[in-house]
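Chemist: Chains as they are written, first to last, in numbering that gives the first Met the number 0: chain A, 0 to 251; chain B, 0 to 185.
It is worth saying that the hints were derived from the structure and are not from the lab.
Ideal Cβ placement from N, Cα and C applies to all residues, glycine included.
Careful, some of the hints might be misleading.
Claimed, not checked - Only some residues are given here: those of chain B computed to face chain A with a beta carbon under 10 Å:
1) V18
2) L21
3) A52
4) F56
5) N60
6) L77
7) L160
8) S167
9) A170
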Amino acid sequence: MTNDSTRVPDDDSQLVHAYLDGELDPAHAIVVGRKIAASPALAAEFEQTRTLRQALREHLPPRTLPPHLRSRIEAAVGMRRRWTRPSWQALAASIAIAFVLGGGSTWAVLRPAAGDRTAAAVLDGHMRGLMAPHPSDMNSSERHTVKPWFNGRIPQAPRVVDLAQEGFPLIGARVDVIDNTPVPTLVYGRRLHIISLSAIPDEGRGPAARRSINGYNVVSWRENGVSYWAVSDLGFGELETFAQLFRKAPTG
Amino acid sequence: MGVGLSDEENRKQFAGIVVPHLSEAFAVASWLTGNRTDAEDVVQEACLRAFRAIGSFAGVNARAWVLTIVRHTAYSWLAKNRPSEIVAVEDFLGEERLTEQCIGGWSATVTSTPETALLAKLDVRRLEAAIAALPLAFREVLILRDLQGLEYREIAEVTTLPVGTVMSRLARARRRIIGALRTNDA
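Construct the entire structure; sequences and hints are all you get.
Modeler: Right, here's the structure in full:
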């Protein structure tokens with residue numbers, strides 16, 4: 000097999016996968032990108048792998064959690080149903096309270112800074128969204144429908160951009176209450192994951208930052224008198240890609 | 000536990016740390032065990048383990064923590080019920096080298112467009128069968144990356160493998176699937 004001069008060293012071929020997954024640092028990504036351009040074998044592996052990834056993402060039916068399993072687990076750990084409404088409502092409420100109070104015992108010892116309190120409040124809205132039947136109060140992938148929906152609900156409608164082409168389809172919108180102020184939140188999707196993006200009138204809150212709270216990631220930035228807070232269970236890599244795309248996208 | 004948290008406190012923690020990731024836990028368990036019924040047993044057992052260990056959660060990445068427990072529980076379950084699935088990875092590496100010799104290596108068989116097209120119009124059932132046929136060590140990495148979208152370092156955390164091994168297993172898993180789909184087409 001060594002007489003095959005077109006044979007690709009295994010390392011290069013593995014790096015094609017890391018390149019495709021966005022796992023390489025910028026310097027290596029440039030090098031590997033050039034190698035792919037120069038080698039038909041690497042280009043073929045790149046192309047086939049990309050097609051496979053897309054097929055895996057889009058064509059496989061999701062394995063959805065059976066509702067009875069959820070109840071069984073709740074019962075097993077002693078989380079009883081108190082109301083006729085699903086216990087998710089109670090759960091959501093108790094989590095909301097836990098976050099407002101500073102996140103339960105894990106971090107009750109520290110008085111969170113203003114930015115951390117906002118992050119916790121934004122995450123609170125996100126989690127309530129996840130536990131509700133639908134993560135958004137109005138559901139539309141059309142930004143010209145989403146934007147007017149905020150009229151009359153909040154003083155100023157947020158910037159709404161379409162990122163479906165980039166793999167972050169708009170799902171809908173809701174209004175969250177942060178620091179006693181109703182703020183607009185856009186809901187975007189990424190594969191099976193949900194991203195909540197809240198736009199808060201800026202009053203000199205924290206700078207551009209990333210935070211991790213209980214396994215959720217929060218990326219925040221500020222522009223034009225608004226601070227934006229994106230929260231999701233996605234990794235920072237994809238969440239920051241989303242933030243960059245949102246910032247770069249033309250305003251509609 | 001053992002850190003003086005009350006049951007009520009544990010439940011609150013459980014609701015905040017484990018419950019948001021139940022759907023994903025079930026998806027991963029389904030792919031690891033290959034069917035829904037076994038996945039239910041694994042997820043329930045994993046939740047009990049997580050509940051008992053909730054005090055040991057370090058507060059960094061709940062999702063990875065939950066998936067680590069699910070994976071570990073799935074491995075125990077498979078060891079007990081289907082021991083043949085737990086095979087040392089080295090066995091597959093030898094087998095792969097043989098296959099590569101037979102077909103002349105990866106690069107000799109790749110030509111771009113026609114096969115990419117075949118892959119694009121592929122049948123979901125064959126894709127699922129190809130995933131199910133992957134050895135567990137490769138399947139888990141593929142599931143965590145391509146279905147659940149974890150980053151390499153998160154997969155490394157869940158599987159306790161070095162990041163480099165995650166990368167090479169992922170490449171192998173994807174190649175095996177592409178190879179299996181191609182063989183069926185021939």
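Chemist: For each hint, tell me whether it holds in the structure or not.
Modeler: Cross-check of the supplied hints:
1. The interface hint given for V18(B) is met, as the beta carbon of that residue sits about 7 Å from the closest beta carbon of chain A, less than 10 Å.
2. Evaluation of the L21(B) hint against chain A yields a held restraint, the C-beta minimum of about 6 Å falling below 10 Å.
3. Proximity of A52(B) to chain A is violated relative to the hint, the smallest CB-CB distance being about 12 Å (cut-off 10 Å).
4. Hint status for F56(B): holds, given a least beta-carbon distance of 8 Å to chain A, under 10 Å.
5. Restraint check, N60(B) versus chain A: the minimum CB separation of about 5 Å is within 10 Å; hint holds.
6. Violation of the interface hint for L77(B) is found here, the shortest Cβ-Cβ separation to chain A being roughly 17 Å, above the 10 Å cut-off.
7. With its C-beta approaching chain A no nearer than about 14 Å, L160(B) sits outside the 10 Å limit, and its interface hint is violated.
8. The interface hint given for S167(B) holds, since its Cβ lies 5 Å from the closest Cβ of chain A, which is under the 10 Å cut-off.
9. Because the beta carbon of A170(B) sits about 4 Å from the nearest beta carbon in chain A, less than 10 Å, this interface hint is met.
Violated hints, listed in ascending order, are 3, 6 and 7; each of the other numbered hints is respected by the structure.
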